[in-house]
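Enquirer: Below are the chains, spelled out letter by letter.
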Amino acid sequence: VKTIERVLLAAEDTRVRSQITLAEAAEAAGIEGVWVTGPATGHGDSYATATAAAIASATTDLRVGVVLGLAMAGDVLRLAEDLAVLDHCSSGRAELCLGTGSASQVIDPVRAELLLTNLRTCWAGDRQIAVTPGPLQPAIPAVAHGGPVAGTGTVVELDDGAGTDRPMLGAGRVVLYVRPERTRAVVAAADDRATLADAVRRLRDAVGATGARDLLFVVPRGDGEHSVEVLGAVIAPVLRANEDEVADLVLDTLKFRRAAVTFPR
Amino acid sequence: MYRDTRAEMTRAEQLGFDTVWVGEHHFSYDGYLPSPISGLAFGAGHLRSARPAAGVLVLPMHTPGRIASGIAALRGTGCPAPRLAFGLGYRDDELRSVGVDPKDRVRTYVRHLDELLGGEHDEELGDAQLWLGGSAEKMVARAARRGLPILVPGNNGARGVARAVDVYAEHLTPRSGVRPQIGVTKEVWIEDDPRRLEEVRQRLMSMWRHYSTYWIEGDDNRDTRREQVVAGISAKAVMGSAECVLDELARLVEAGASTVACRVRFDSTDSARVTENMHRLAEDVLPKLRKVAA
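From first to last, the protein sequence lines are chains D and Z.
For the first sequence, the numbering used here gives the first residue as 1, with consecutive numbering after it.
For the second sequence, the numbering used here gives the first residue as 1001, with consecutive numbering after it.
Chain Z extracted, bound-state conformation:
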């Protein structure tokens, strides 16, 4: 799987994508990717124009020194400037595994963030871009106050992006050398055949069915509530014909997103289908989306 990922990173670059993102998962049934900076470093040395990125990296789980050391290693591969988007983490078991009380996750997050920005790790961080991840008003404001870009999650549509833009603008304190910007992640799949499209949608729902387990608390109507959450998130995925996908992504850009991180690998998705999707996205959508952004 890791070798496949490296090949996909290189393929994404060859297809003209600007950034290659990986996420962070722990104790997951599918076994990916609990050591995101190591995983990125494995693929980054082959990148010449696309920047390697981790988003989101669960900041309370890593000491600032460890992150700085990892970024230094990444930069040492000669890859373009890496990007890291820091998330709070939503799984209590992950946070507890490193001794962080979930109630303290915000405090730990802010402490780690401010240490990273405090100057003592500047040599290791170099030209790396630090982003924050999340769409809660407090998180968007936190990013803006520090002059850092923000990456909002895929359960936000154009309205959610526009809302983040407003909050961001209200709190923005520009940071020297950093371009304030808003990105959004989106599950994206181009497919014209309705039957194949439905297969992919079911796979996506199965993935969210697994992950949603971690943030649905209590036993009352747990399955029903989970299905509601899964349906809601999956409905926000951008899926369909190339025209349909372009239209929806363009709306995000018009709402103020300067970066769209397209999630093209869902759990257990066949690699050949992922490759096909990446090609179609690059050929049928990316050039037109760039024109919209320009």
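Only chain D is shown next, with the shape it has when bound in the complex:
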């Protein structure tokens, strides 16, 4: 069974201070990245890269993804500038996730592809007006929620069938998205050996079925610190482990917590 490469977090509580606190805790817990939203206004406008830049400032290694609804991405030039500045501030840690702005809607792949093409054109300096600075990374990694969109990774949601009924989703990186209520259940499972084993099996099955390399947990409101600690120390290492190591790791959660401290990353 394929194992995941990265565990990512996003906060259900999108207040800026909460997202910064979550990011600091995530980095301390060995999580690989956070995805950042808003704050969006009643008009749907957002300056999400400002929150992301604040997080970049508070962390050193964490990947910082910006989640953007297509409706908020009307001004491509501004967005290209915002993302490029974020990429410089974060020393090349910026990522982009495109969605509809609504978890229940599937993204319009044509619009998403057009936006990404335009962004890359801005950065490539092919326009009459070049965006300066361009991004620090050769290309800012992008995924689309509910794709597939050419040239990006795809976000798929962990469902009750643990994703096993979903087909493989085209080329590009797949991010498996875990809603807050499921995250809460996964975190709660860490208290009990049997439920932890079951939760881990389901997640690993979903990873195997979708080919996901990243697993994104949305941390439920109010549970931030505890959830991050458990996800970082208990869940993430077992998801990254090879199949033959899982059973041993799950045998005793207490033992596992100790093992997680030195577990090879």
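Since the hints were derived computationally from the structure, they do not count as laboratory data.
Model, not experiment: these values are computed from the prediction.
It cannot be assumed that every hint is accurate.
FRET-style restraints, in silico, Cβ to Cβ [as the list claims (entries may be wrong)]:
hint, chain 1, residue 1, chain 2, residue 2, range
1, Z, GLU1217, D, ASP61, 45 to 55 angstroms
2, D, THR195, Z, ARG1179, 57 to 67 angstroms
3, D, PRO109, Z, THR1173, 48 to 58 angstroms
4, D, ASP61, Z, ARG1145, 47 to 57 angstroms
Built from N, CA and C at the ideal position, the CB exists for glycine as well.
Since the structure of chain D is provided, determine the placement of chain Z on it from the hints.
Expert: Relative to chain D, chain Z alone:
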């Protein structure tokens, strides 16, 4: 460069400056700073007493919602209340890049401003201070009528500040919770060595040579006119010994400026020299200037 800027913001606070300003530039040869609120947010979380400020932020280029969202993000870092001074923008290519016809820039500016002040973004704006930027009589009057502070650009000396004070007083409609005030930006450099001072002056002129390209229209005698503009603006910079700098800044304060935003980083200036300049300004000028202001 952005990491340097963050370090400079923290250093400015440690040296006792009240506010740390950044400007907004697009499509610029030096690559700074097209996303000013993101840039500020990167540094603001480290500030405890100095307020982060953007001046000027080209208001027609940003929707009110985007600005409100950005301010909310800035405030979320826990920094002191941010300050934003809104400018009209002078580069047609910048305005056109976001679909604003340069002829409509004033209308767009006023529409965005009044939406920001209209109450629907109050939660995001919180305790942020909104200023207007400019020295044209209409802009000063516009700020005064809304009870907002005004930041006049560095091509104004003490006479220009005094003129703005008069216009401001004539049109002022006080706004609840806002202290009416006039600020001025100034290029400031303390240097005793004439040779080094001349180097800095040449660097400043080179910077203005670049930017003035955008507001000099027509081809007739373009280079000559540009050099005249560059010489005029550079002559307004406050440069020289600490005594000389103090004297000139004190005149601005005496003319009615309650805030002096000292521009200490010119394009391509060596960071060590910038740091040296900031230290001298903080140690040799700031304490005495505060006494003048008091």
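Enquirer: Take the hints in turn and mark each one as holding or not.
Expert: Consistency of the hints with the structure:
1. At roughly 49 angstroms, the beta-carbon separation of GLU1217 (chain Z) and ASP61 (chain D) lies within the given 45 to 55 angstroms, and the hint holds.
2. Restraint check, THR195 (chain D) to ARG1179 (chain Z): a C-beta distance of roughly 59 angstroms satisfies the suggested window 57 to 67 angstroms.
3. At roughly 52 angstroms, the beta-carbon separation of PRO109 (chain D) and THR1173 (chain Z) lies within the given 48 to 58 angstroms, and the hint holds.
4. Distance hint check: the CB atoms of ASP61 (chain D) and ARG1145 (chain Z) are about 50 angstroms apart, consistent with the given range 47 to 57 angstroms.
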